[in-house]
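*Asks:* Each chain is listed here by its residues.
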Amino acid sequence: MATQSEKLTTEKTENVFGATLSRRQFIKTGGVLVVGFSFIGSGLLKADTTKPAVLKNSLDPSLPGSWIEIHPDNTVLIRTGKSDFGQGTTFTAYRQIVADELSVPFEAITTVIAGDTDRTPDGSGAFDFLGHGTPNIRKAAAYTYQALLDLASEKLGVPKDKLSVKDGIVSGGGKNISYGDLVKGQQLKLTIPVKGDLTSLFGLTIEGNPPMKPVGEYTVIGKSFKNSIISSKVAAKETWATDVRLPGMLHARVVHPKTLGSTLVAAGPLDKSKFPNSQVVVKGNLVGVVAPTEWEAIQAADQVASGTKWTAWKGLPGNAKLYQHLREEADWTTAPVSKGEADKGDPKPALASTHKKLSATYQLSYMKHAPIGPTMAVADVKADGTVHIYTHNQNPQALRGEIAMMLRTTPHHVIVHSYPGPGHYGRSNGGNAGAEDEAVILSQAVGKPVRVQWMRADDMQWSTQASAAFSDVQVALDEKGKLAAYQIDHYMPAMQDDRPIGAVIAGLPTMPAPQVKSDSVTSTVNGVEDNWVYASVPNVAERGHGTFQVGQKASPLAVGLRDHSMRTPGQFQQNYPRELAISESAALAGADAIQFRIDHATEERAIGVLKAVREASGWDTRPSPRTEATSTGSTPVRGRGVSLMLRSGTYWACVCQIAVTPSTGVIVVEKYTIAVDPGIVVNPSQLKRNVEGGAVMGIGHALFEEVMFDESGITTEDWLSYPIPTMSDIPEIKVVLIHNPKVGSYGGGSEAANALAAPAIAAGLHDATGKIMRRLPMKPAYVQAVLKA
Amino acid sequence: MITLNVNGIRREVDVPADTPLLYVLRNDLHLIGPQFGCGLAQCGACSVLIDGKEVRSCITALSSVGPNQEITTLEGLPARWAKQKGLSAEEAKDTLHPVQQAWIEEQTPQCGFCQNGMMIKATELLESNPHPTLPQIKEAFTTSGVSPNLCRCGTYVAIMEAVQHAATIMAKGGK
Numbered sequence: 001m002a003t004q005s006e007k008l009t010t011e012k013t014e015n016v017f018g019a020t021l022s023r024r025q026f027i028k029t030g031g032v033l034v035v036g037f038s039f040i041g042s043g044l045l046k047a048d049t050t051k052p053a054v055l056k057n058s059l060d061p062s063l064p065g066s067w068i069e070i071h072p073d074n075t076v077l078i079r080t081g082k083s084d085f086g087q088g089t090t091f092t093a094y095r096q097i098v099a100d101e102l103s104v105p106f107e108a109i110t111t112v113i114a115g116d117t118d119r120t121p122d123g124s125g126a127f128d129f130l131g132h133g134t135p136n137i138r139k140a141a142a143y144t145y146q147a148l149l150d151l152a153s154e155k156l157g158v159p160k161d162k163l164s165v166k167d168g169i170v171s172g173g174g175k176n177i178s179y180g181d182l183v184k185g186q187q188l189k190l191t192i193p194v195k196g197d198l199t200s201l202f203g204l205t206i207e208g209n210p211p212m213k214p215v216g217e218y219t220v221i222g223k224s225f226k227n228s229i230i231s232s233k234v235a236a237k238e239t240w241a242t243d244v245r246l247p248g249m250l251h252a253r254v255v256h257p258k259t260l261g262s263t264l265v266a267a268g269p270l271d272k273s274k275f276p277n278s279q280v281v282v283k284g285n286l287v288g289v290v291a292p293t294e295w296e297a298i299q300a301a302d303q304v305a306s307g308t309k310w311t312a313w314k315g316l317p318g319n320a321k322l323y324q325h326l327r328e329e330a331d332w333t334t335a336p337v338s339k340g341e342a343d344k345g346d347p348k349p350a351l352a353s354t355h356k357k358l359s360a361t362y363q364l365s366y367m368k369h370a371p372i373g374p375t376m377a378v379a380d381v382k383a384d385g386t387v388h389i390y391t392h393n394q395n396p397q398a399l400r401g402e403i404a405m406m407l408r409t410t411p412h413h414v415i416v417h418s419y420p421g422p423g424h425y426g427r428s429n430g431g432n433a434g435a436e437d438e439a440v441i442l443s444q445a446v447g448k449p450v451r452v453q454w455m456r457a458d459d460m461q462w463s464t465q466a467s468a469a470f471s472d473v474q475v476a477l478d479e480k481g482k483l484a485a486y487q488i489d490h491y492m493p494a495m496q497d498d499r500p501i502g503a504v505i506a507g508l509p510t511m512p513a514p515q516v517k518s519d520s521v522t523s524t525v526n527g528v529e530d531n532w533v534y535a536s537v538p539n540v541a542e543r544g545h546g547t548f549q550v551g552q553k554a555s556p557l558a559v560g561l562r563d564h565s566m567r568t569p570g571q572f573q574q575n576y577p578r579e580l581a582i583s584e585s586a587a588l589a590g591a592d593a594i595q596f597r598i599d600h601a602t603e604e605r606a607i608g609v610l611k612a613v614r615e616a617s618g619w620d621t622r623p624s625p626r627t628e629a630t631s632t633g634s635t636p637v638r639g640r641g642v643s644l645m646l647r648s649g650t651y652w653a654c655v656c657q658i659a660v661t662p663s664t665g666v667i668v669v670e671k672y673t674i675a676v677d678p679g680i681v682v683n684p685s686q687l688k689r690n691v692e693g694g695a696v697m698g699i700g701h702a703l704f705e706e707v708m709f710d711e712s713g714i715t716t717e718d719w720l721s722y723p724i725p726t727m728s729d730i731p732e733i734k735v736v737l738i739h740n741p742k743v744g745s746y747g748g749g750s751e752a753a754n755a756l757a758a759p760a761i762a763a764g765l766h767d768a769t770g771k772i773m774r775r776l777p778m779k780p781a782y783v784q785a786v787l788k789a
Numbered sequence: 001m002i003t004l005n006v007n008g009i010r011r012e013v014d015v016p017a018d019t020p021l022l023y024v025l026r027n028d029l030h031l032i033g034p035q036f037g038c039g040l041a042q043c044g045a046c047s048v049l050i051d052g053k054e055v056r057s058c059i060t061a062l063s064s065v066g067p068n069q070e071i072t073t074l075e076g077l078p079a080r081w082a083k084q085k086g087l088s089a090e091e092a093k094d095t096l097h098p099v100q101q102a103w104i105e106e107q108t109p110q111c112g113f114c115q116n117g118m119m120i121k122a123t124e125l126l127e128s129n130p131h132p133t134l135p136q137i138k139e140a141f142t143t144s145g146v147s148p149n150l151c152r153c154g155t156y157v158a159i160m161e162a163v164q165h166a167a168t169i170m171a172k173g174g175k
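First to last, the protein sequences are chains P and H.
Residue 789 is where the first sequence ends in this note's numbering, and the numbering goes up by one at each step.
Residue 175 is where the second sequence ends in this note's numbering, and the numbering goes up by one at each step.
If you are wondering where the hints come from, they were derived from the structure by calculation, not from laboratory data.
You may find that some hints are simply not true.
Said to hold, decoys possible - Okay, derived cross-link-like pairs now, DSSO-like style, lysine-lysine, Cα gap no bigger than 30 Å in a straight line: (1) H:K172 x P:K223; (2) P:K734 x H:K53; (3) H:K53 x P:K223; (4) P:K314 x P:K258; (5) H:K53 x P:K237.
Bound-form chain P, shown alone (with noise of 0.2 Å):
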């Protein structure tokens, strides 16, 4: 960068689509092209006019921060508000389509900030990266080849449209010249149109529409660059969250509360002759213990939460209750009933008539995220009131607003340091990963930085889970066995709570438990989230019924069981009880129920995943269950299902070839294929490794996992408690990626596989024994009970 005792030689400014190029030629060498942003919406941070404590260039509208940074040796550099989560998407999609945007080999995008709060500009959460086909660093992306291409007509005398560009080098009338040498020497600036709010959930969005490259140009796209960031991990050289150590920083353990609704009475006393060097700190309802060591933190803090006094309580239904109590206690008419988009025509004529029918009701427990590591996260509040955080969460700008709302501040005075950690597949895209604000916390009451470490039963017990719910499914069938109304009732208490839990039981500011009225996912709101795929049924009704979050109001905490979106949030809980009331239906026509789906479904794409899935597992066209199927005996007996699934612009199906054992209830799945439209492949193994990993999650939602808990919080606290899949679980697993270029776009890809195996291994456990089993997940037990009915 050029700095200001240099010498400016011009300066111009000109109209690029819609954003702005200006250009400050300096003597020296060196110069770079940085795009930054403009708001021309109502941001948050616009509004605020407080001086920035701490901000350093990316978040004040004075000061453009960058999206990307042509340099003059020819790299680049790009940054990004979403952070990594595994799916690395940041370290390969992202810098293929910005190679393929500017032209430019993968190879030459040499750095790719993400994440941290103070460099990176847009925000929003580590989801929807590939946003529909068009995500923010897109766009920038398309401005900056743009600019780049009227810098290079002016420089060599060539009109715009007679340029071409490859590797960088841009030629035209039998000249050329690279990106660095257009660079070289000068100071530009790019200044685009952006929207939004850069703490909220969604963050900042690009604006405008400047010229994409087409498709068929691509030569990066659709090829299988390797993430980058795995080989610093597989080394030991990369910096995760849990190797952050500032000087000075004590190690700290949280007594949370002994149920989701007590109070504190009075927090043990330390027993200072066996740890004479840590110190306990209360704040509301919040005890912490911190330490010089980890090892005496850890220790004190048992010492402390053994002598610690709590009020008693008792408001939730406890596991065996829930369905009665989310069916006949909770209230639902608080919340607006939303309707499908696809609803057509009336099902009660249908309903009403005296062809087959089903009605049935579908069931799903609450889930944890479970991420391998317990959350933690280390805060440095310094005597200034600015405030540091070191975590690894999905939305750190968001992270950012939450705690300057708990220290009444503004989101200047807070900067959110980004860094690898372990997955939790949502859990913090609302922001906090659960011990950030805690840290804080204590660290403004020590004065000294501080790192909270969650034990594995604090991350089991006071993270947030997926909603269970409910569906209420009715469909009737023409004479001809065809699909003639189909009805459902979705049932779900509130799915995301973003309350960061240290600030709730400290009581602190945060955001609203989830209400009624809200601007965000927060709301209570249940809204239908499956998009339909059978496009000629005749009649359609979906609808949606929220509600509060169980305990929430009952909690003189407000806390109760906190939700949180989860891999596929919402659809899996829609997908589930459709997909397996669709095999159930087909099973009723006497219809085979892979080709039930296509004859109902109309979308090639649909229709498409299908057919391969069909093909690629090795599926008997027959209907279910089968002829030999049997509910008794200690022989295993096979059966396979289907599921279908359109999500974030991919279509998805699955088949799960089963084996159930009849006396022991015991389901293995022995083989899963998965067939995966998702328009554009922008990179095949990293695509299939992602949907390997979210097919192995999907088989543990649909076998093991559910939380359990009883009238005053929850039992699960280990990974004995909340079984996993593990090796041994893991079937031979097939993945068919269909390469569909002529949609035009890339679809997403790391969710919805996770959402596909328990609807298809349900229709299997049908297909083997003639018992439907409604209810996830399909324990052992719970199968047994299925079968003996």
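Since the structure of chain P is already known, use the hints to place chain H on it.
*Replies:* Frame of chain P; chain H shown alone:
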């Protein structure tokens, strides 16, 4: 002072003898390969090799580790391989353990938090069984240790492929 032999180097630490090895490795010796996953020996994120056997450092008290027992962390895998193959210091400098090479070539990790333990377990397996079958790999990662090695991202397929790939690299002498 307690003496430890970590990655071929003698280290002295001044900590209580009941401190779990994990905290000593991470906080006192700044070896960041092993991760805190559960503190209960239920997941394997904290695994290290002690005399070639995979152990869970989160429940291994420092006092239970002898001064001459060889502790190998993820950081020590390249040197362990170099020593086994008799590589020169120059050759060893840029060499990763075949298990690490395979993990990169197969693009095994997603978030990667558990993969320290997965690579430690793979190393233990391949040192005793250079050509494991798929059932043997599954057995190693599921029942051979005090608990299964758990991966929440579901990378088991990639791990199985990487173990087989590592076996091939090792059979060729490391390349």
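*Asks:* So, for every hint listed, does it hold in this structure?
*Replies:* Right, here's what the structure says about each hint:
no.: 1; hint: H:K172 x P:K223; result: holds, 28 Å
no.: 2; hint: P:K734 x H:K53; result: violated, 33 Å
no.: 3; hint: H:K53 x P:K223; result: violated, 40 Å
no.: 4; hint: P:K314 x P:K258; result: holds, 11 Å
no.: 5; hint: H:K53 x P:K237; result: holds, 24 Å
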